[in-house]
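Student: Please model the complete structure; the sequences and the hints are all you need to start from.
Just so you know, the sequences run in chain order A and B. So for the first sequence, our numbering puts the first residue at 1; every next one is plus one. So for the second sequence, our numbering puts the first residue at 1; every next one is plus one.
Since the hints were derived computationally from the structure, they do not count as laboratory data. Honestly, I wouldn't trust all of these hints.
If several chains are the same, the list does not tell them apart, and a pair holds so long as it fits within one copy or across any two.
[What the hints assert, rightly or not] In silico DSSO-like pairs for lysine-lysine, Cα to Cα no more than 30 Å straight-line: (1) K306 - K168; (2) K278 - K304; (3) K376 - K178; (4) K149 - K123; (5) K239 - K326; (6) K147 - K123; (7) K239 - K123; (8) K239 - K178; (9) K118 - K326; (10) K178 - K118; (11) K168 - K278; (12) K168 - K32; (13) K332 - K118; (14) K376 - K278; (15) K149 - K10; (16) K118 - K239; (17) K304 - K332; (18) K33 - K10; (19) K10 - K239; (20) K32 - K239.
Quantities reported herein were computed from a predicted structural model and do not represent experimental measurements.
Number of protein chains: 2
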Amino acid sequence: MTVTFDGAPKADHINFGVGQPSMDLLPVELIKKASDGFLAQAQSAEINYGPLKGDARTLEALANFLSSHYETSVHQDNLMLTGGNSQALDFLSSQLITTGDVVFVEEPSYFLAFQIFKDHGAKLVGIPVDDEGINIEFLESALAYQKPKLLYTIPCFHNPCGHTLTVKRRERLVELAKRHDFIVVADEPYHLLRYQENSPPPMGDFWQDDVVISMGSFSKILAPGMRLGWLQTSPNILKQLLSSGVLNSGGSFNHFGGHIIRHAMSGELLEQHLRHTKAALAERVDAMDEALHQHMSDLCSWRKPKGGYFFWLQLAAGIDTRDLRKVAIEHKTGFQPGPVFSSNQGLENFLRLSFAHYGCDEIETGVQRLATALRKHVAGS
Amino acid sequence: MTVTFDGAPKADHINFGVGQPSMDLLPVELIKKASDGFLAQAQSAEINYGPLKGDARTLEALANFLSSHYETSVHQDNLMLTGGNSQALDFLSSQLITTGDVVFVEEPSYFLAFQIFKDHGAKLVGIPVDDEGINIEFLESALAYQKPKLLYTIPCFHNPCGHTLTVKRRERLVELAKRHDFIVVADEPYHLLRYQENSPPPMGDFWQDDVVISMGSFSKILAPGMRLGWLQTSPNILKQLLSSGVLNSGGSFNHFGGHIIRHAMSGELLEQHLRHTKAALAERVDAMDEALHQHMSDLCSWRKPKGGYFFWLQLAAGIDTRDLRKVAIEHKTGFQPGPVFSSNQGLENFLRLSFAHYGCDEIETGVQRLATALRKHVAGS
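Tutor: Structure, rendered in structure tokens:
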């Protein structure tokens with residue numbers, strides 16, 4: 001979001017609209033160590049154009065890292081490196097859709113993904129989600145009269161809703177993709193950020209069905225500024241992607257950054273940081289859940305997320321969270337109103353809170369401020 | 001090109017088809033020093049999402065660096081960072097063209113740019129070039145019956161032809177772009193690699209006309225694997241580009257790499273390396289020109305380039321350089337045949353040689369091999 005990159009929130013505001021890690025979770029020392037490890041042995045070829053899929057050693061380290069965290073093993077033949085999930089989604093849009101193509105998106109979903117698809121001329125069709133993920137019955141109905149090229153889903157710790165797509169629905173989604181000949185693009189940056197019991201394997205685990213592309217990223221488990229991520233998919237789909245002009249012209253999307261993160265993965269650096277990050281975020285989930293119970297339970301409903309970054313709050317019908325946001329800003333807090341996540345400007349009485357950008361004390365204070373703003377707004381409207 | 005990234009040429013071949021710097025021109029020590037300089041003082045924000053245009057200090061350092069090398073001064077308000085010119089061209093295609101749009105390209109031109117435009121559904125129309133650059137009369141004729149969205153040009157030390165667009169033609173090109181409402185996308189990775197007298201300012205110097213986007217890159221003056229480049233254009237066009245989904249979602253395309261190159265620009269590191277690179281490449285131009293005169297002057301014609309990476313050779317009509325290439329490979333050498341640079345599979349009797357990927361002795365040996373292959377091919381055909 002422009003507001004967060006180009007205009008940081010005011011220092012005395014607690015803006016839960018910011019879906020970024022807090023500064024204390026950005027590991028400058030780790031990056032220094034990993035860079036030193038790489039640069040101490042760096043070769044000329046490592047600052048030349050990189051292999052299209054990414055450096056083989058980086059892919060191997062990534063496959064090992066993912067295999068150690070997933071229930072199932074990951075093979076490097078199913079992986080390629082990207083410049084993070086935003087770049088990956090833009091790349092997939094360039095390669096897989098043409099102007100006028102239909103893209104199915106979840107309703108609600110990550111609003112900047114909408115913008116990326118629109119930049120490529122796609123027509124968006126929203127498919128509702130519920131607590132188990134995308135609604136398969138509604139999807140089947142929509143498929144009866146529209147043919148999407150892609151379906152974009154956030155299957156694990158959804159943005160903004162926080163839910164995880166059930167295993168049964170994953171299987172049905174893949175069946176439908178095969179039957180109706182569309183690609184499932186699964187955006188899974190939060191997959192490794194689980195704070196409770198295990199979640200299903202990532203959608204990339206369905207690579208053998210030849211209709212799924214899973215996007216993973218180091219942005220939320222290491223550092224967004226490194227701009228490194230990966231795709232997990234079938235060799236067939238990889239082959240198509242590797243024929244792209246941009247890759248053949250420029251080589252691997254982030255060759256240099258890949259070497260640094262290879263060193264972070266090969267030692268224990270990334271592993272330790274991931275443990276630290278999960279522990280810190282797990283405390284923040286609890287802090288936000290408790291603060292909501294204490295200050296706002298009469299005003300809204302929510303489900304405590306089991307991972308990821310976000311709480312999704314439902315307010316009373318009739319409240320427009322776009323208006324509420326103005327009041328919240330007066331009270332030095334903030335959030336993302338529901339309609340920004342809607343492909344058709346709906347969801348007025350919902351809002352998204354991120355618990356990743358602030359520590360527990362600030363979360364408590366911010367929720368207090370939000371409750372005050374909401375009571376004032378309700379009283380005034 | 002896939003062949004060079006994923007399958008390096010055999011060790012005993014001298015393949016002039018490779019348009020990459022030689023390994024000895026890739027400055028690992030410089031990158032180490034610049035990384036150390038950055039990381040010694042790095043802050044958390046510097047590994048978070050970056051500002052959409054790029055870090056302000058990096059843009060200021062870039063403006064100063066460019067101003068010190070150009071005849072005219074460059075202001076950071078006209079700059080934004082990219083992930084190198086391939087990424088930049090893909091980004092501009094996403095933002096500025098939709099499926100079915102017409103893009104004018106030079107005939108011949110950089111073949112992987114064609115692929116990038118085609119990936120975005122563009123229809124390519126070739127406009128011939130001559131020793132002074134794109135043929136303006138032909139362009140005017142083409143504009144009478146077709147309306148391009150973009151015109152893609154390599155104005156300085158052209159790939160593959162080596163020529164530089166004259167100042168007079170630059171002015172006429174910009175006039176035509178204003179009159180016919182198209183954007184000139186100028187690919188200028190070789191602009192700072194001049195080995196003789198000064199060349200005109202880059203096309204970015206026409207930013208105030210609001211129809212020109214110039215793409216510059218660190219790939220050819222520092223290291224391709226860093227994946228950092230820049231756009232120079234008008235505030236109006238920048239504003240449009242900065243509204244893109246991919247930037248607003250992921251932040252600056254290469255925040256981390258940008259900090260390292262900022263340090264390389266702020267000290268003398270990049271300056272020294274550029275001097276070294278130019279001196280080395282100037283010797284190689286001379287070596288290739290001399291070898292061509294010695295071994296092939298009766299078989300082809302060429303103009304000695306004043307900068308960049310490439311010689312463009314014209315052979316006798318009737319020779320198909322795609323066939324010649326097979327003979328060349330048998331003789332352990334190589335080049336890029338003319339038709340790959342043509343938007344309509346023409347230019348059969350032309351070929352491109354890069355002098356950047358080998359030292360002077362290898363250039364002499366490789367040209368000898370090529371001459372032998374050509375004589376054999378001519379005798380046998």
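Student: Sort out which numbered hints this structure fails and list those numbers smallest first.
Tutor: Violated hints (numbers, rising): 3, 12, 13, 14, 15, 18, 20; every other hint is consistent with the structure.
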